[in-house]
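J.: Here are the chains, one letter per residue:
There are 2 protein chains.
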Amino acid sequence: MPQRRTVFFVSDGTGITAQMLGHSLLTQFEGVEFNQVTLPFIDGVDKALECLERIERESLRGSGQPIVFSTLVNGDVREVVRRANALFVDFFETFIGPLESGLGVKSSHTIGRSHSATDKREYKQRIEAINFTMAHDDGASHRELSEADVILVGVSRSGKTPTSLYLALQFGVKAANYPLIPEDFERGQLPEALPAFRQKLYGLTIAPERLQEIRRERRPGSQYADPANCRFEVEQAELLMKREGIRWINSTAKSIEEIATTILRELKLERHVY
Amino acid sequence: MPQRRTVFFVSDGTGITAQMLGHSLLTQFEGVEFNQVTLPFIDGVDKALECLERIERESLRGSGQPIVFSTLVNGDVREVVRRANALFVDFFETFIGPLESGLGVKSSHTIGRSHSATDKREYKQRIEAINFTMAHDDGASHRELSEADVILVGVSRSGKTPTSLYLALQFGVKAANYPLIPEDFERGQLPEALPAFRQKLYGLTIAPERLQEIRRERRPGSQYADPANCRFEVEQAELLMKREGIRWINSTAKSIEEIATTILRELKLERHVY
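In order, the protein sequences belong to chains A and B. Mapping the first sequence onto my numbering, position 236 (from 1) lands on 250, and the numbers just tick up by one. Mapping the second sequence onto my numbering, position 212 (from 1) lands on 226, and the numbers just tick up by one.
Since the hints were derived computationally from the structure, they do not count as laboratory data. Hints are not guaranteed to be accurate.
All copies of an identical chain are treated as equivalent in the list; a pair is satisfied when it fits inside any one copy or across any two copies.
[Unchecked claim] Derived DSS-like pairs: lysine-lysine, alpha-carbon spacing no greater than 25 Å straight-line:
1. Lys61 to Lys134
2. Lys282 to Lys138
3. Lys214 to Lys120
4. Lys134 to Lys268
5. Lys256 to Lys282
6. Lys268 to Lys61
7. Lys138 to Lys214
8. Lys256 to Lys120
9. Lys134 to Lys256
10. Lys138 to Lys268
11. Lys282 to Lys61
Everything numeric in this text was worked out from a predicted model, so none of it was measured.
Make the full structure from the sequences, and use the hints.
T.: So this is what it looks like as structure tokens:
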């Protein structure tokens, strides 16, 4: 029986930062199963007391001391939650002191600063990126391609849509995407609208075996999902990209985050954070 | 002149976690302008040396000691970067020791665990959520609504699409969304496909003044963007939701993350982390 532990991500905001860093630390402990609970918007002492009670209840169940990952900013709230019989991992207070010394500035200890809609200009840029990306998914529109930060190309189901959406939502990047289809391979040319924007083009490719798996789930028994056809399309797409001088990345074993990050770095696009 | 500092987010992976927690700490320092640089995929000593050089160059420019936020897992890599003349904020090593003691388990110190495509089942669930959400944006399809985890409703431009996409990408939630339009208000009823799924419905509303601003940018001078029309639509949508017993949230001053997190909590949906 593997060890089981309950983990709480506690935040005065959305809890996304606590959850993300906490999760990345927990992946380092292979033999343990974690039961993960996120408690967002703990922004007052009343809610902190409910939260304390919840953690205490878990701790009394006797399956090991719970772990609390906290990004709580408010000292009063934090002190309440800290009273729980738990391993308290404090992402905020641990670093805020050294940063205050290093910068020679007192922190404002204001809650709800990250993941909030405080900067109107940034927020607008993000929403515009999302609108642009939705309007330019899967070659849906040739309009305003000059505004794109990046135009992804690749065969159907190589990961273009999730990558485009992530670029827009997480980084505020305007990402269009175009499929490379058998007609393009026959002509031996990129879709017509694209050569004018060669500097913004970036390719996704994928192992034919993986492509076939994905396509088979969508259209079993089709020519589209046929192994020989998948091999042919990938080979042709890579040939075309090579001939056109388009950089590409193989998405097969990569996460959406890894693909998006690689593209940002290679195209030297700015990384916003929301 | 405000103080300016250069900040590096250094990671053996995508750098997203380092950037997110670092950013949430920096928002606490109001008088300082931060020049933010992300250095992802620092996964070997060679790259660590390049990274060290980059930070040292910045430090020699004499505009204050740089700050390094690190999620580096590999000890050899970390020790190289740590040699820089910088305030080194170590998100990994600071907490891994206490966690090892608390769990009684040694960590594996394996890099690239978070934001990687290691768990195939989770990855598939996420991609399916994205596909579902794209296919059910803006009332595009009535098919398979029974598979939705949530169905968002609200007037045009109340924030349904960004929220749906975020729910899918960040949390693996299948989120459909339907506009509430003047025809629905005339009939005084929800779009036909929806009453069968009342338990999954969640509303977004917005201040009429804000709605008008957003709509005016898209279609200046239109009836769609007219102040009286915006007021009317919002009022009618809220009336309809109240009558139908649909919970809602006001998106006006909220970020996508805050809206999405609130919906997850209220519908008691599981929060995955990618």
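J.: Any hints from earlier that this structure breaks? Give me their numbers in increasing order, please.
T.: Violated hints: 1, 3, 8 and 9; rest satisfied.
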